[in-house]
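Novice: Residue numbers (this note's numbering), protein chains in the order written: chain A, 1 to 167; chain B, 1 to 756; chain C, 1 to 80.
Simulated from the structure, these hints should not be mistaken for lab results.
Virtual Cβ for every residue (Gly too), placed ideally from N, Cα, C.
Hints are not guaranteed to be accurate.
Claimed, not checked - Restraint ranges, calculated between C-beta atoms of paired labels, are given here: (1) P67/C / R741/B: 55 to 65 Å; (2) E13/A / D20/B: 14 to 24 Å; (3) Q280/B / E128/A: 51 to 61 Å; (4) A121/A / L391/B: 49 to 59 Å; (5) I663/B / L65/A: 27 to 37 Å; (6) A18/C / Q280/B: 51 to 61 Å.
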Amino acid sequence: MSKLHIEAVINGETREFLCDAHETLLSALRNGVGLTGTKEGCATGDCGACSVIFDGRLVPSCLVLAPEAQGRTITTVEGLAPSGEGAVLHPLQQKFLEHAALQCGICTPGFVVAAKALLDANPSPTEEQARYWLAGNLCRCTGYDKIIRAVLDAAEEMSGAVGAPTL
Amino acid sequence: MSERTFKYVGTRPIRHDGVDKVTGRANYGADLSLPDMLHGVLVRSPYAHARIVAIDTTAAEALPGVKAVITGKDIPETRAKLPLGEGAIDLHDVSDNMIARRKVLYEGHTVAAVAATTLDIARQAASLINVTYERLEPVLSIDRAIAPDASILHEDMRTKGVPNASKPSNIAMRMEGKRGDVDRGFAEADVVIEREVRTPTVHQGYIEPHACVARFGEDGRAIVWCTTQGPFAVRDQCAAILGMDAAHVKVIPSEIGGGFGGKIVVYLEPLALALARNAQRPVKMVMNRDEVFRATGPTSATKIRVKLGAKRDGTFVAASASLYYEAGAYRGSPAGAGMMCALAPYRIPNFFLEAFDVVVNKPKVAAYRAPGSPMVSFAVESVVDEIARELKLDPIDVRIRNAAVEGDLAPYGPAYGPIGLKTMLEQAREHPHWKAPLGPNQGRGVACGFWFNAGMNSSATVTLNMDGSAAVVTGNPDIGGTRAAQALMVAEELSIPVERVRPGVGDTDSSGMTDLTGGSRVCYATGMAVIGAAQDVREQLRARAAKTWNVNVDAVRWDGGFAIPPEHTANAQPLGVAELAAKMAHTGGPIVGRASLYAPMAGPGFGVHICDLEVDPETGQSRVVRYTAFQDVGKAVHPSYVEGQMQGGVAQGIGWALNEEYIYNADGVMENPGFLDYRMPVASDLPMIETVIVEVANPLHPYGVRGVGEVPIVPPLGAVANAMRDVTGIRFTELPLSPPRVLAAITERNRETVGV
Amino acid sequence: MARVHLPSGLTQFTGGVADVVVDASRARDLLDRLAERFPALASQLDDVAVAIDGQIYQDPGYQPVGPASEVHLVPRIAGG
Chain A
1 MSKLHIEAVI NGETREFLCD AHETLLSALR NGVGLTGTKE GCATGDCGAC
51 SVIFDGRLVP SCLVLAPEAQ GRTITTVEGL APSGEGAVLH PLQQKFLEHA
101 ALQCGICTPG FVVAAKALLD ANPSPTEEQA RYWLAGNLCR CTGYDKIIRA
151 VLDAAEEMSG AVGAPTL
Chain B
1 MSERTFKYVG TRPIRHDGVD KVTGRANYGA DLSLPDMLHG VLVRSPYAHA
51 RIVAIDTTAA EALPGVKAVI TGKDIPETRA KLPLGEGAID LHDVSDNMIA
101 RRKVLYEGHT VAAVAATTLD IARQAASLIN VTYERLEPVL SIDRAIAPDA
151 SILHEDMRTK GVPNASKPSN IAMRMEGKRG DVDRGFAEAD VVIEREVRTP
201 TVHQGYIEPH ACVARFGEDG RAIVWCTTQG PFAVRDQCAA ILGMDAAHVK
251 VIPSEIGGGF GGKIVVYLEP LALALARNAQ RPVKMVMNRD EVFRATGPTS
301 ATKIRVKLGA KRDGTFVAAS ASLYYEAGAY RGSPAGAGMM CALAPYRIPN
351 FFLEAFDVVV NKPKVAAYRA PGSPMVSFAV ESVVDEIARE LKLDPIDVRI
401 RNAAVEGDLA PYGPAYGPIG LKTMLEQARE HPHWKAPLGP NQGRGVACGF
451 WFNAGMNSSA TVTLNMDGSA AVVTGNPDIG GTRAAQALMV AEELSIPVER
501 VRPGVGDTDS SGMTDLTGGS RVCYATGMAV IGAAQDVREQ LRARAAKTWN
551 VNVDAVRWDG GFAIPPEHTA NAQPLGVAEL AAKMAHTGGP IVGRASLYAP
601 MAGPGFGVHI CDLEVDPETG QSRVVRYTAF QDVGKAVHPS YVEGQMQGGV
651 AQGIGWALNE EYIYNADGVM ENPGFLDYRM PVASDLPMIE TVIVEVANPL
701 HPYGVRGVGE VPIVPPLGAV ANAMRDVTGI RFTELPLSPP RVLAAITERN
751 RETVGV
Chain C
1 MARVHLPSGL TQFTGGVADV VVDASRARDL LDRLAERFPA LASQLDDVAV
51 AIDGQIYQDP GYQPVGPASE VHLVPRIAGG
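Chain A with its partners taken away, still in its complex shape (with noise of 0.2 Å):
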């Protein structure tokens, strides 16, 4: 059976890889692009460790069958980062780093990404808010604690860039 031929814009960039017609968004990401930032933990939709911006939605991509992704939009982990400015985190991905928001760091990319789409949804969660749309990422390591911190802060942070009145 050969391999289905399949084109998206992934991380802003149009990009084209090979695929079989069973296999997982995640899979494809990992072995036919090579972005290996976004991890496996279950394969059943469990963890978010496998976390993915789908057309704006976000997805386990290890419950999207890599064909699905022909002419759809994918961001990772890997296009988190602002483009263009050269050497420069998301404020997510910074306020992860202040608050030792990561331990073994295995769950951070889906956590980063999960939170990057709770921001776009909700500028100004609350904590509730916030941990009850991260309940889909399992963390180990750290209790979430430190992450939910890190979350509010860069929400914080953001909207106060966005809302914040020049002088």
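For chain A, the structure is supplied; the task is to place chains B and C on it using the hints.
Specialist: Using the frame of chain A, we list chains B and C on its own:
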């Protein structure tokens, strides 16, 4: 020692490997691919206990794309024991666990391995391997295992610790500890409480499954890239299991996505090497989550009975306990450690403890963060709580009255050095959390916990660069921020900014022998080696300064990052690190500091936790609404990561107490091998976790560091269970306190109260 | 001459003797002396760690034992 003021230690720099981790660039075990690589897949037993009659691999071998197939007979059995420090690992058991020879001893036990050009072909080939089994009765509980008519897992197993043990048994070992006269002690007690508790099999739950890539050259030299807590442990296990010279195996540790003790023993690597050798191509093997649950190393299910006697004023006078720990398919549960930890927080003059290591048809247990301690702490802290209630005493006051202090004998023999338990209990009593009002359906529990501090082998090298920056390399994979801590130590010793120190994790070729990351030992023991190596650099810098000034090195002082010349030395100004480094080539060559040591286990750690629990009486669901964790860490090198260790351990302990358990059917097949039904805490389950760091210096470490990583998982089980007792009035003796169990008990209690 | 304290589980193999004075200057030698004096104990010593003056060594090896050292035998444990 804690009087010393530090410039860098105790600060919170951004970790050096952080950017790679938040951008997805960091490479974990499954992220490496090599050219011409094959994919390896394992064939696993569907039965919990069976004899292997025959394995037919012909169809699999004939499938196009299949390049190697191995079964147990292709890997010679070994009788080697490795002195891997943490108890000699019996490699025969590790090897037999990795691939079965004559019997399968748990559902999921590997019987064959296949390597093929694609993962799909490998899986297809695996399904074509035909195994004939003769099923045997599975032993799935402690009660069944110790019954006189029990099916026996290992015909040659005799109970160690029992003189003249001559019959085959499922009890691998019995241990005992005693002090004073426990019968007289109980006779003198005013109140005696006895409880038997059970805890389930639980898994470390690391988010990254096991993964490796192995390459085997025609010259017998191999490279293994893998996710592991101990690259040297992997090297030595692979070499011994495959009958290779360890010098021919290089292990490169990837970044590791969690371990907690579960990534020490090898499950994949020797098989990947054997496949790579046969196929003459690299082989990649990655477990899926199902396999991680069924066939790696969860921790023991237990049955523990504790009896405690106290005087009316709350003084403990006698204690006895019997601890049964499931080892899984091969001997080696942490029953002994459980026995040593059981009474560790308390001064008890009379006690009798016995512990049993019991084999059952479940995966062989592996270490899980303070192995053996959380379960027995749950038992003891529950009984201490009952004693306090019976005597109408405050639960913290009872613990303060009996808290072990410096000079008291630990239950396992030696006297304690300086420890912070009593200080923490006193702080807990004054803490706002302890006095805060509770809402409806809320209750509060408190518990203590104890764990040791592993020592063992560590090596470190510190290299000085010509621009005055430094690099430090150790053999310890960084699971929780230890690279940042090591950089802080080097910065402190050399008085250079921490940003100018590059901490690295070496492989088995580039780092001196180092025992694993775990056992709360990296900041402590490897930290000692890092400090030693940095001090070695400092000594060499003093010698270079002496040469520059043409004076005796003994006359050269070192102060705040500068070599200070003796008074009245002509043309001599203090020389800093950067200046001396720039001239290294002229004053003797490169400056490389090294240290290697075997550190003792000491500086034990204690924790005290307070938990507020809210229980919904209609569903049995509970939620932790407030949590405060106190811990004596000796010296917090990087406080953010110390807090992180505490919070992470708390979360694991809460999961263990409230929801996590392996659910087996009558055939010994695990029914919930996935994160949906093996329910670990998520962000919406937990509140912010407040941490209180106490620093009572550990006299054995230059900065006073105690290990921090393991203690925090110990108190939560007791704290949650005591909170549950506070809310519901019901003393639960079986974990987890999952909604069905809690609801059933509440319903039953209400029925009885109403008098139906 | 170190004072060695045996946990009660091991005293089954020494005829009830729990405290022994042993002439040895290294941990390995100390265990060998014990095994010589109590042959039934020898097979149990594979699984013990040694605490010398409060410091526990999982692998006794040649750790020095002082003339007035207090030595306890304890079960080997693993960290995680």
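Novice: Does the structure break any of the earlier hints, and which numbers would those be?
Specialist: none
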